[in-house]
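Produce the complete structure using the sequences and hints provided.
2 protein chains.
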Amino acid sequence: MTQQELLTQTALHSWKQVISRIDEALKSLSDEDLQREVSPGRNRVFYLIGHLTAVHDRLFPLLGLGERLHPNFDELFLDNPDRAKADVLSAGELRRAWSEVNGKLTAAFEKLRPEEWLLRHNAVSDDEFAKKPLRNRFAVLLSRTNHASFHGGQAILAKKGEGH
Amino acid sequence: MTQQELLTQTALHSWKQVISRIDEALKSLSDEDLQREVSPGRNRVFYLIGHLTAVHDRLFPLLGLGERLHPNFDELFLDNPDRAKADVLSAGELRRAWSEVNGKLTAAFEKLRPEEWLLRHNAVSDDEFAKKPLRNRFAVLLSRTNHASFHGGQAILAKKGEGH
Numbered sequence: 001m002t003q004q005e006l007l008t009q010t011a012l013h014s015w016k017q018v019i020s021r022i023d024e025a026l027k028s029l030s031d032e033d034l035q036r037e038v039s040p041g042r043n044r045v046f047y048l049i050g051h052l053t054a055v056h057d058r059l060f061p062l063l064g065l066g067e068r069l070h071p072n073f074d075e076l077f078l079d080n081p082d083r084a085k086a087d088v089l090s091a092g093e094l095r096r097a098w099s100e101v102n103g104k105l106t107a108a109f110e111k112l113r114p115e116e117w118l119l120r121h122n123a124v125s126d127d128e129f130a131k132k133p134l135r136n137r138f139a140v141l142l143s144r145t146n147h148a149s150f151h152g153g154q155a156i157l158a159k160k161g162e163g164h
Numbered sequence: 001m002t003q004q005e006l007l008t009q010t011a012l013h014s015w016k017q018v019i020s021r022i023d024e025a026l027k028s029l030s031d032e033d034l035q036r037e038v039s040p041g042r043n044r045v046f047y048l049i050g051h052l053t054a055v056h057d058r059l060f061p062l063l064g065l066g067e068r069l070h071p072n073f074d075e076l077f078l079d080n081p082d083r084a085k086a087d088v089l090s091a092g093e094l095r096r097a098w099s100e101v102n103g104k105l106t107a108a109f110e111k112l113r114p115e116e117w118l119l120r121h122n123a124v125s126d127d128e129f130a131k132k133p134l135r136n137r138f139a140v141l142l143s144r145t146n147h148a149s150f151h152g153g154q155a156i157l158a159k160k161g162e163g164h
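Top to bottom, those sequences are chains A and B.
Each residue of the first sequence is one higher than the one before, counting from 1 in my numbering.
Each residue of the second sequence is one higher than the one before, counting from 1 in my numbering.
Note that these hints are calculated values from the structure, not bench results.
These figures come from a predicted structure and were not determined experimentally.
Each residue gets a CB set at the ideal place from its N, CA and C atoms; glycine is no exception.
Among the clues, some could well be false.
Said to hold, decoys possible - For lysine-lysine, the following DSSO-like pairs were computed, each having C-alpha atoms within a straight-line distance of at most 27 Å: (1) A:Lys111 / A:Lys16; (2) B:Lys16 / A:Lys16; (3) A:Lys16 / A:Lys159; (4) B:Lys160 / A:Lys159; (5) B:Lys159 / A:Lys160; (6) A:Lys132 / B:Lys104; (7) A:Lys111 / B:Lys132; (8) B:Lys27 / B:Lys159; (9) A:Lys159 / B:Lys131; (10) B:Lys85 / B:Lys27; (11) B:Lys131 / A:Lys16; (12) B:Lys16 / A:Lys131; (13) A:Lys16 / A:Lys104; (14) A:Lys160 / B:Lys160; (15) B:Lys131 / A:Lys111; (16) A:Lys16 / B:Lys160; (17) A:Lys159 / A:Lys27; (18) B:Lys160 / B:Lys27; (19) A:Lys27 / A:Lys104; (20) A:Lys132 / B:Lys16; (21) A:Lys104 / A:Lys85; (22) A:Lys104 / B:Lys132; (23) B:Lys16 / B:Lys27; (24) B:Lys85 / A:Lys160; (25) A:Lys16 / A:Lys160; (26) A:Lys27 / A:Lys160; (27) A:Lys111 / A:Lys160; (28) B:Lys159 / A:Lys85.
Stated by the list, open to error - Which bits of chain A does chain B cover? Going by a derived footprint, with three or more residues having C-beta under 8 Å, they are: (29) 2–8; (30) 34–40; (31) 115–125; (32) 132–144; (33) 149–160.
If you want it as structure tokens, here you go:
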């Protein structure tokens, strides 16, 4: 492996690790557990998982990897707060969407070469990218991995007897 | 910049972004706020910040960057749960240690060249590293960035009126 490949493979491994930890947490939570707020008055785990699914789904167009799978999730989990619209979805539908989006996204990630990770993402213009080369797809991968960790840390609080 | 430099610079930028978000959250929390549990029966923000400080401090020897600054933090924030020993420290001491450790660590990170990020870290043997080249220092950087995001997501719950 070249240095570039080692660096991007390491980051991809980190993404997969974070997603699989949330997968495990989800498996250990019943559909009723998903209704629990992570702290009084805060988002339910149900909403956080929907929110992460919507944000990850948006990576398909943002990174030029194809069409997104669930454009309707934005209204439920991004444009509106918890309890406004989220509940049109069942827990089963949410769990399936989470797995499907991350599965297809990870498969698409695995095909990208290091030089492709360093291309601009679609929310930055050519001009701006010329000035700020760190606004690349790799930055988006790291940012979304951390975003998943951020809400994963909250979601785990709904698990009885586990804070850490 | 070479591809390798762009990749490691992007990751370092991500680390700095995560740390500075926690810095901002800390500034907005009073010493009394730090005593708040992130969810009923869970860790206080005080403990989470101490825990992150201890884990980051351990990166100095783990990554071959020098001696750690606060070896005593392990007993307070790693070997024991919240409320056992943590309170020998004042909020002011905790805030100073958090800033000092991350400041010195980030300065040391900035000096590392891409090829140095790809060296093994000190918790993996030469033999094991030969088989698993992804167990490098770069993996530790990404892992600790995500760990900080994970607990940062919890700590923010102690902030009134902000869940996200």
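task = Given the hint that Lys159 (chain A) pairs with Lys131 (chain B), test it: the Cα-Cα distance must not exceed 27 Å.
result = 36 Å, violated
Compare the distance between the alpha carbons of Lys85 (chain B) and Lys27 (chain B) with 27 Å, and conclude whether the hinted pair is satisfied.
-> At roughly 24 Å apart (the allowed maximum being 27 Å), Lys27 (chain B) and Lys85 (chain B) satisfy the hint.
Given the proposed pairing of Lys104 (chain A) with Lys132 (chain B), does the C-alpha separation stay at or below 27 Å?
26 Å, holds
Starting from Lys27 (chain A), check that the Cα of Lys104 (chain A) is at most 27 Å away, please.
Holds, at roughly 19 Å.
| message | Holds or violated: Lys160 (chain B) and Lys27 (chain B), Cα atoms, limit 27 Å. | response | 14 Å, holds
- Task: Below or equal to 27 Å on CA atoms is what counts here, so check Lys27 (chain B) against Lys159 (chain B).
- Result: 11 Å, holds
Has the given pair, Lys16 (chain A) with Lys160 (chain A), been kept, meaning a C-alpha gap of at most 27 Å? 25 Å, holds
Would the pair Lys132 (chain A) and Lys104 (chain B) pass a check requiring their Cα atoms to be no farther apart than 27 Å? Holds: Lys132 (chain A) and Lys104 (chain B) sit about 26 Å apart, inside 27 Å.
| message | Check the hint pairing Lys16 (chain B) with Lys27 (chain B) against an upper bound of 27 Å on the C-alpha distance. | response | The given pair, whose Cα atoms are some 16 Å apart, holds under the 27 Å limit.
Discussion item. Tell me if the straight-line CA distance from Lys159 (chain B) to Lys160 (chain A) falls inside 27 Å.
Written reply: Status holds; Cα separation ~22 Å.
| task | Assess, step by step, whether the Cα of Lys104 (chain A) is no farther than 27 Å from the Cα of Lys85 (chain A), and give holds or violated. | result | 26 Å, holds
* **Pair hint outcome, Lys132 (chain A) versus Lys16 (chain B) [Cα-Cα no greater than 27 Å]** => 16 Å, holds
Hints 9, 16 and 27 from the earlier list are contradicted by this structure; the remaining hints agree with it.
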